[in-house]
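Listed here are the chains, written in short residue letters.
There are 4 protein chains.
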Amino acid sequence: MINEDDIFFELKFRRPGSIYTSTRKEEDIPIILSGTFNGRTTGMPLSIIIENKDAKPIHYEEIKYKPRPGHADITYIEKYGYENWDYRGGGRSSGRETVSRVAAGAIAKKLLLLTNTMISGYIKKAGDFQIENTPEFNEVLCSRNSPVRTIRNKEEDLMKLIESLRKEGDSIGGIVEVIVKNPPKSLGEPVFDKLKADLAKSVLSIPGVVGFEYGMGFDSYKYKGSEVIDEIYYDEGFRLRKNISGGILGGISTGEDIILRVAFKPTSSIAKEQKTVDLRDLKPTTLSVIGRHDPCIAIRGVSVVESMVAITLIDHYMLSGIIPRKLSEEQSNIIEKRWLEYKQKCT
Amino acid sequence: MINEDDIFFELKFRRPGSIYTSTRKEEDIPIILSGTFNGRTTGMPLSIIIENKDAKPIHYEEIKYKPRPGHADITYIEKYGYENWDYRGGGRSSGRETVSRVAAGAIAKKLLLLTNTMISGYIKKAGDFQIENTPEFNEVLCSRNSPVRTIRNKEEDLMKLIESLRKEGDSIGGIVEVIVKNPPKSLGEPVFDKLKADLAKSVLSIPGVVGFEYGMGFDSYKYKGSEVIDEIYYDEGFRLRKNISGGILGGISTGEDIILRVAFKPTSSIAKEQKTVDLRDLKPTTLSVIGRHDPCIAIRGVSVVESMVAITLIDHYMLSGIIPRKLSEEQSNIIEKRWLEYKQKCT
Amino acid sequence: MINEDDIFFELKFRRPGSIYTSTRKEEDIPIILSGTFNGRTTGMPLSIIIENKDAKPIHYEEIKYKPRPGHADITYIEKYGYENWDYRGGGRSSGRETVSRVAAGAIAKKLLLLTNTMISGYIKKAGDFQIENTPEFNEVLCSRNSPVRTIRNKEEDLMKLIESLRKEGDSIGGIVEVIVKNPPKSLGEPVFDKLKADLAKSVLSIPGVVGFEYGMGFDSYKYKGSEVIDEIYYDEGFRLRKNISGGILGGISTGEDIILRVAFKPTSSIAKEQKTVDLRDLKPTTLSVIGRHDPCIAIRGVSVVESMVAITLIDHYMLSGIIPRKLSEEQSNIIEKRWLEYKQKCT
Amino acid sequence: MINEDDIFFELKFRRPGSIYTSTRKEEDIPIILSGTFNGRTTGMPLSIIIENKDAKPIHYEEIKYKPRPGHADITYIEKYGYENWDYRGGGRSSGRETVSRVAAGAIAKKLLLLTNTMISGYIKKAGDFQIENTPEFNEVLCSRNSPVRTIRNKEEDLMKLIESLRKEGDSIGGIVEVIVKNPPKSLGEPVFDKLKADLAKSVLSIPGVVGFEYGMGFDSYKYKGSEVIDEIYYDEGFRLRKNISGGILGGISTGEDIILRVAFKPTSSIAKEQKTVDLRDLKPTTLSVIGRHDPCIAIRGVSVVESMVAITLIDHYMLSGIIPRKLSEEQSNIIEKRWLEYKQKCT
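Chains as they are written, first to last, in this note's numbering: chain A, 2 to 348; chain B, 2 to 348; chain C, 2 to 348; chain D, 2 to 348.
Heads up, some of the hints might be wrong.
For identical chains, the list gives no copy identity; a pair is met inside one copy or between any two copies.
[Stated by the list, open to error] Here are the simulated lysine to aspartate or glutamate pairs, DMTMM-like style, with alpha carbons at most 25 Å apart: (1) Lys243 / Glu274; (2) Lys26 / Glu228; (3) Lys327 / Glu137; (4) Lys223 / Asp129; (5) Lys284 / Glu237; (6) Lys155 / Asp220; (7) Lys186 / Asp258; (8) Lys182 / Glu331; (9) Lys327 / Asp316; (10) Lys182 / Glu63; (11) Lys225 / Glu274; (12) Lys223 / Glu133; (13) Lys54 / Glu5; (14) Lys65 / Asp231; (15) Lys54 / Glu331; (16) Lys186 / Asp316; (17) Lys13 / Glu140; (18) Lys273 / Glu169; (19) Lys225 / Glu133; (20) Lys346 / Glu140; (21) Lys225 / Glu157; (22) Lys67 / Glu237; (23) Lys327 / Glu190; (24) Lys284 / Asp220; (25) Lys186 / Glu331.
Read the hints as simulated data drawn from the structure, not as lab findings.
On a predicted model such as this, the values are computed, not experimentally measured, just so you know.
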């Protein structure tokens, strides 16, 4: 069963509207146009419409002649032509397109419950704010109720940071960490479609993402091989003592939790003055981006990263034959039960 | 024109055989089986054979029952079955498969010269060794003659580190930085096939790679938006003053140099004792990996990363129609001339 | 420029509503949801909605328990499960889905005018009705104004056949012939993506299509090689005297007109009694399909085949770099001028 | 288990060397370069080399300046340039490339035995020769031992036809019919990847193939709907009384035998004089193709069509999860047993 409520449940965690994110009021009510019948998917593509009821094109009039630094404006104009460029918020390069990813991600997340697999992320670093070790999965999951999408008992520090950035009209980058709890073994296809490769592509397709790593990631250079040897033991299958490899070995999932991190750049739309070019005379000019932008796009980005991870896993479930063509009644019931539990957590 | 010498030229930079890498003697002589006629590609697939003349299966007898920590052994056994597992070096998950990537990369690199685009990388970090800023492209290119694949006037520090690791039977992780010089504008396809996404997938498909970033990458969380605003100016097209975005905006190349970094984990095959499971009785046992392994796989990995970047760019050249179906005589001659210059650099 | 009128122009030729086709009244008004800005495509995916305002689910109540012979009912029930089956007209396997193909085809057809390439088809055979030779392209094009989609000065015979079938509550199969006028040379990718292979796949994806051929097609067995030798001559490029190969040699377009034929089976939904199974008890039962069905689906199928051919050609234009990423003003103007002429023909 | 003998068994049925086919002596001994270990596939790509030991480039010297009518010569020269054209037999457009398809097909055919599915074809029509109805599968299978690849008790007529064509230096087209015995239900993916669509593409990718049909195919126009209604009944699943739809409904397999036909054009290389252009001066000239060509390429084409059908089915088995990632011992044993039986039939 899939209905609009299931999708809306996840959309809420991406939705702007608080003082810690964009103050835009996007209702984000999804409508399923086709693909289900009596609440069941028919095997047809799902078509979902999510209207944006709070667009303010007036905010974008200045941009019409002043491409914004850090945005896709100049690359779109070069590639597609100025005449074909939709200056009213960036079009397909707008962060708004990520609402579709979260809608699809909701369905993927629900389906992953067949194997009792869950995905959740949180803000690990932003400016001086930092969560040192990888928290328990439940703590991570409960960050979805945090206004700044981080571990609840640490969230105040990040709230203060965001408040001060908003006052300054400035922004900050951030690192998102995502945990996949209870992933199945054997996901990933050598040579080119390794799980790590597909995860990297899917998260790098998100606007604002500039890096992907898993396991040791970019700290690897600090370690000797002997320091990061991870003992193999046997307990109803091969297990790894410390999961140093972050759930993936040889590009294939080990069955241990998958732990990955994603780097978001600072929001480019800031109120401070920026130097750009006037498209009418190609001479230098300046720009202050008016609008209701996120001081830290990584915060709302957490849901988007989770969604892309969920979608990528489902792709590999299908490659591996884990998801059958049609779920049995029993399988459907298990999923519904687990979905209910999943929704009720942290409340 | 493509011949075996062109391919061999690049294979040399990946080839093991020095005391700073694996001491295996792989000759790596490529033979073009099909796809060319009178030195020209016919439009057919190129089939290239590179035999491995120095394989020593005897080194792998112990592994037959002892999966190696940090390797794909356990994931391959789980996924494909013990009976179907080729224990003699890891098969398709062996670093040996990367020789094919470099062979294909050689052809891609030569073709990129049509737009005068060149790619080169070097070791940026390994243990305490570190190159602070991004060097000039020529310095990076000349690292191909360094025995430890780093900037020549800094190479001694890294040589000492590698020597001491070899003595200890240990290994180290490393960060590779790659520069794409003179890339064309407008490469990259929104939404999912952004250039950054395809680059991420292609390098994450390399064995041992655990992270990808470009531009600010994982340091993004340290910066405020106002600190990393990059001025747009106009000089026969849009330009960026500092290239903070590493050559890509909105997933599309800006025309500025593309700067990316890749994290390699420490070589897992080390002489030190490791805990694993004996496959015959599933009880704990220990293993010291005998063989001729690289103390730092990132060193030989530089060529492999360069190659994957080159191949990915050529894919996008083709998507963008930059490479015509058949090169004109003039285009062929330009490429040959630039290839000669490229080969002669740093000598 | 693309607007709703352009799309509607082509949708009209597929639309039911006459006594020679289905008498359903589908208005088929297209609405472009996204992907254009000021009438120009932005490079984003086009989202087009075409509502079906004359669906009569009541017609499908009997089918709920009686799968229709000749339809996808039994295969969908087996594959996706009875619970997930949308019995109200076949869902994704309904002929209704082809309206999307024609909408996309309209855009493809307009874009093909850049090379002055046009596509048109007509009913070549249905029962005793038959058009012997391949007519001139203009005659074929003007069949779009025929109520039975065939050559105008022969249409009466086919009209009579259809009228009598409608009275009997019966249907007939048909052969559609399509001509591509002025195709470019060099479309088609050896080995597996030959132009003939991609055309075959695209038209066989249409509901009701059971065969594809081009050039000599299934008559080949009647001919000796010496009878079908086609002289090569030179006139600003290689030409073929008789175009026996139907515009494709070695899987690549020769530049001569592409001539292909497609077989449609008789409409399966007929008023006559059919034997099937009652899904409630799995016992034999009978069914007469109520509804407003086409006596010959090939008639409305002509537009759908044309559209799939147009879409497939555009795919190959893009592979071959014929269509630039952004059209110049001059190119846009040429297309608009030719589109106007194309629309005004046969009036 | 897969070994060279398995592959060679199928290659024999495509191999030339009799007076009824080409008199070339191609040994077609396959060598597995990589992908197996102890006779089992490891999950790696299989690399198989089949050398052509009887190539006679001298036969192709005249073609160097005289493109052959009916061949891909002119389209390859236009697309890839004369300088890049391998005139010695057509290169990638040569019928020789089909040996690879049969090698892959052998493996696919063996794997299909897991579901007890078998594929075989025969010559249905060539000139005046014709097999009226679809024969029993065993008769079709035994055609593999016929020198003219048709039903054994009818083969003499076809042998006479071929002998007389050889004497005249002429050739003939032909229709191949293929039966898939015991296919599984539910293969095929709506909308665009219907089983019929993928089969069409795969067989149209074969050199010389100009048409595909299944079930009623191009005879459809002769039938009224009421004449071809096929009763649905229930016997451990839905069954069809007459299998008029040829095993596929709505693009999805019904579980009934799949029956398809493929049209091959007459061999273009004939000894009779043909008109072409001299590439040196672009003036008219004539050509008689010297060489050892097949009077009817459809004869050796039967194996190639069977192979493409087998490969396409295996693709859909994998999409449907029918073939597990690793076969159990029991499954392997069933396949080996059935393969032995399959090989021994008709002897």
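Mind listing which of the numbered hints don't hold for this structure, in increasing order? 2, 3, 10, 15 and 24
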